[in-house]
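> Chains A and F are the protein sequences, given in the same order.
Just so we're aligned: 121 in numbering that gives the first Met the number 0 is position 122 of the first sequence, and the numbers increase by one with no gaps anywhere.
Just so we're aligned: 261 in numbering that gives the first Met the number 0 is position 262 of the second sequence, and the numbers increase by one with no gaps anywhere.
Take the hints with a grain of salt, since some may be wrong.
It does not matter which identical chain is meant; a pair holds if it fits inside one copy or across any two.
Unchecked claim - For lysine-lysine, the following BS3-like pairs were computed, each having C-alpha atoms within a straight-line distance of at most 25 Å:
| id | residue 1 | residue 2 |
| --- | --- | --- |
| 1 | K449 | K35 |
| 2 | K272 | K45 |
| 3 | K205 | K126 |
| 4 | K12 | K45 |
Keep in mind the hints are simulated off the structure, nothing from the lab.
Here is what each chain is made of, one letter per residue.
Protein chains: 2
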Amino acid sequence: MKKNLAYIYAVQKDLSALYGIGALLGWDERTHMPRKAVSSRADQQKVIHDLIYDTMTADKLFESLQCLSNDSLTGKHRVVVDELLKEVVKVRRIPRAFYQELVKTVVMAQAAWEDARRKNDFTSFAKHLTRVVELKRQEAVHLDPDKRPYAVLLNEHEEGMTPEKLTELFDYLKTELIDILNTIKATARFNEQVPLDIRMSQARQKNVIDKMLRKMQLPRDRTSLDISTHPFTIKLGANDVRITTRYIDPLDAFFAAIHEAGHALYELGIAKKYENTILFYASSVGMHESQSRFWENMIAKNRSFWEGFYPYFQKHVAGGLPLDQFYRAINQIKPSFIRVNADEVTYGLHIILRYEIERDLIDGTLSVADAKDAWNAKMKHYFDLTPATDNDGILQDVHWAGGAFGYFPTYTIGSIYASQIYNHLTATIPGCSDQIAAQQFKPILSWLRKHIHSKGKSMLAEQIMADACGNGLDPKEFVKYLRDKYIPIYEG
Amino acid sequence: MKKNLAYIYAVQKDLSALYGIGALLGWDERTHMPRKAVSSRADQQKVIHDLIYDTMTADKLFESLQCLSNDSLTGKHRVVVDELLKEVVKVRRIPRAFYQELVKTVVMAQAAWEDARRKNDFTSFAKHLTRVVELKRQEAVHLDPDKRPYAVLLNEHEEGMTPEKLTELFDYLKTELIDILNTIKATARFNEQVPLDIRMSQARQKNVIDKMLRKMQLPRDRTSLDISTHPFTIKLGANDVRITTRYIDPLDAFFAAIHEAGHALYELGIAKKYENTILFYASSVGMHESQSRFWENMIAKNRSFWEGFYPYFQKHVAGGLPLDQFYRAINQIKPSFIRVNADEVTYGLHIILRYEIERDLIDGTLSVADAKDAWNAKMKHYFDLTPATDNDGILQDVHWAGGAFGYFPTYTIGSIYASQIYNHLTATIPGCSDQIAAQQFKPILSWLRKHIHSKGKSMLAEQIMADACGNGLDPKEFVKYLRDKYIPIYEG
């Protein structure tokens with residue numbers, strides 16, 4: 000047993016190093032790599048991916064884990080062995096040739112998607128998407144032939160979640176979100192234009208962001224902040240978590256940096272004892288997103304926060320807009336075509352729309368040929384909008400081209416978890432709003448670290464949430480949060 | 000034969016990817032990595048180094064190469080097989096345990112060196128240096144037991160060079176350099192202080208550097224320019240060569256960037272047909288250094304260049320210093336303690352001093368205990384200076400702590416080659432000075448690409464130089480270059 004344990008920990012240390020290297024290759028590709036280096040970078044990525052695959056599928060690892068899974072292990076070792084064996088079994092179920100075919104297909108599909116975006120025409124992309132759907136369904140069958148394929152794909156991102164549960168939850172949420180939206184649309188304020196014109200040099204924007212990240216306790220010596228087209232967070236090692244933002248619009252840069260810093264704080268907060276094991280990762284994608292959204296929406300778009308922070312910021316806002324108007328401007332609700340620009344209320348509807356379509360595509364009850372009509376019909380139903388072009392509709396996201404089916408729901412799972420955390424914290428931390436106003440985030444961060452971050456992947460996300468806040472995934476809390484926040488904004 | 004050839008090219012492609020990954024890890028460590036990430040980075044480096052070692056020492060590669068070396072190959076295949084086999088044989092001669100011991104020792108020695116630098120005291124570093132010298136000697140014996148150890152180490156950096164040849168060459172050069180220095184010291188101008196005070200924001204410095212790099216035809220889409228404490232160049236792939244500079248002093252930043260761009264142009268100019276083979280590298284370290292020094296000293300510290308470039312630069316120089324004085328200020332000759340700050344004349348003396356000491360250390364005719372005295376005696380002899388502290392003397396360079404014995408001579412080999420190229424170009428390209436004044440570098444770069452860069456590692460450096468300029472390594476050309484340039488500056 001001791002020999003096998005030492006062996007599997009040594010393998011996990013190598014795997015951590017390989018994941019870290021892969022992360023560096025990816026980070027660099029999106030931040031600093033010269034434009035023409037794509038081909039050598041692809042070769043480098045392939046070498047690392049092959050090594051990870053070979054390491055994960057090595058018979059010796061599998062056999063060691065099988066032996067250990069029959070041993071009377073407890074505590075960390077027990078969870079490490081169970082989780083790693085589960086992962087190894089999964090990777091071993093994907094034939095190497097199939098995996099390579101899948102990688103090739105999504106690379107081509109992403110290029111086709113970019114091409115289709117340039118032409119603003121879904122047609123040429125449809126056959127690529129059909130092939131991706133087919134292969135993702137096959138992948139699910141490889142992974143677990145006894146399960147509904149979409150359930151398998153969903154579990155790759157959100158372990159423990161089922162389509163049945165999600166459909167029920169989203170059906171409830173959809174009704175509530177449409178109701179909130181209709182309430183807001185019926186107010187006089189809905190059609191008011193709040194002028195918001197912020198002028199800051201890039202250097203100044205970076206200063207403000209740095210100030211905020213330090214308030215959030217993001218450690219300078221374990222992180223970096225760079226620039227990329229699409230902001231992201233990536234972990235290269237226990238003391239090496241990198242975030243990016245973009246400087247197009249000062250508020251976009253600010254909120255994006257805070258969002259990514261929320262992701263980074265999660266990664267940095269995972270218990271040290273899990274370093275170099277399979278447990279040194281987030282419990283689920285949804286839980287990861289809850290951390291970014293918590294800081295972006297619940298904290299940085301909070302009225303209390305701006306009561307404290309706005310005096311410092313106001314001089315950069317044209318006309319020195321009063322706090323009330325500024326707060327309303329950054330929390331405007333407006334049905335729109337594009338998910339990434341959506342507000343807190345309509346974002347969920349964008350996700351539900353995508354969930355329903357991708358679930359049906361994988362189930363085979365919707366064909367790619369009919370997907371655009373389905374998209375537009377749902378847009379009409381949920382938003383009373385009809386996309387004028389494909390780029391404003393079904394072509395807007397790269398996710399499906401990249402094979403990421405079962406990913407979209409995690410955005411809204413993240414919002415729900417974030418609202419549960421926020422409701423819990425405001426109810427249990429005395430003077431929470433005052434702390435937020437004073438940018439005294441230490442008590443909040445300490446709570447997050449203790450109850451969420453430190454757990455890593457040692458427990459299911461829903462169990463972590465139930466232990467932390469008293470309930471598993473609970474959309475009613477999200478609805479309560481939205482009503483508490485937005486009805487006063489529009490009717491107050 | 001075909002199967003073996005395909006195999007060895009596939010292995011070289013993997014090796015290229017691994018070297019590229021290792022280069023990225025190193026580049027990132029020196030530019031963007033968070034300070035506390037050292038430990039995970041060391042793990043990542045170790046994984047890659049082990050993979051390279053395992054790939055290079057695999058029996059199948061060795062056997063394929065042995066078969067091929069007996070085949071009637073010609074052209075590129077012949078050179079690739081011979082060079083790769085030579086490399087493989089060398090790596091196989093270093094026992095894995097010895098290699099790991101060596102790596103550990105130099106890591107510790109470098110830490111001890113940093114510590115000694117802080118204390119400004121050579122004593123605590125001496126025992127580490129003794130161990131490094133011992134292991135480097137052993138390494139040389141592993142590599143070739145029949146050769147003088149220092150000759151083996153020298154060949155690792157400058158293939159084809161011998162200590163006997165180098166001693167003769169440096170003895171000649173030493174006499175000449177001391178003579179030039181004495182001539183200069185006897186002039187009235189030697190003691191004149193030229194005031195040089197340049198004021199430019201970092202953004203402005205970067206603009207000027209960018210302008211110059213574009214003039215040098217450094218392609219934006221295949222390179223990057225970052226910041227690091229010590230400027231360096233590193234190749235991650237055929238279209239991915241990165242340089243750095245530092246912004247402490249505007250002229251230092253400018254010349255350092257040009258120096259590194261010279262290195263980068265070399266890497267970028269190696270013939271495409273050698274990509275992903277062992278020939279896709281510089282012919283020698285000295286040849287590499289010749290390219291950086293050519294651009295830094297022969298071009299960017301050239302009077303013609305500043306005739307064209309100074310009008311653009313002058314407004315940043317305090318008092319708008321006239322061209323003549325500016326030119327003299329950037330080409331001041333002054334014996335000093337520190338190699339990295341040395342001028343073109345005294346730099347060679349710094350190198351010869353180090354060469355003589357490191358050669359004798361490896362030969363065993365000088366002990367580490369006596370090295371400091373030897374250093375100071377040579378400083379007195381060559382420069383008429385005595386270091387007041389160890390940091391100004393034997394502790395100033397990290398090279399020996401890092402195990403780089405046989406490296407120092409390549410700096411001066413680079414200067415000699417650069418002078419040969421410069422003398423050849425000014426004699427053979429019509430209007431060469433006018434082109435330099437007009438920053439029209441295309442004809443010069445075309446010549447360098449055709450005669451130097453493109454060859455990669457397919458020929459010995461000296462043969463490339465002989466073909467290009469009519470002579471192998473020729474210190475007389477360097478002496479001529481120095482006299483032609485500096486006597487007019489001081490006596491003109």
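> Would you mind marking each hint as holding or not holding in the structure?
For each hint, the structure was consulted:
For a Cα distance limit of 25 Å, the shortest separation of K449 from K35 across copies, 22 Å, qualifies, whereas the shortest one inside one copy, 45 Å, does not. Taking CA atoms no more than 25 Å apart as the test, K272 paired with K45 passes between copies only; the shortest distance there is 22 Å, against 30 Å inside one copy. In this homomeric assembly, K205 and K126 never come within 25 Å of each other (Cα to Cα): the closest approach is 43 Å inside a single copy and 47 Å across copies. Both within a single protomer and between protomers do K12 and K45 lie at most 25 Å apart by alpha-carbon distance, with minima of 20 Å and 11 Å respectively.
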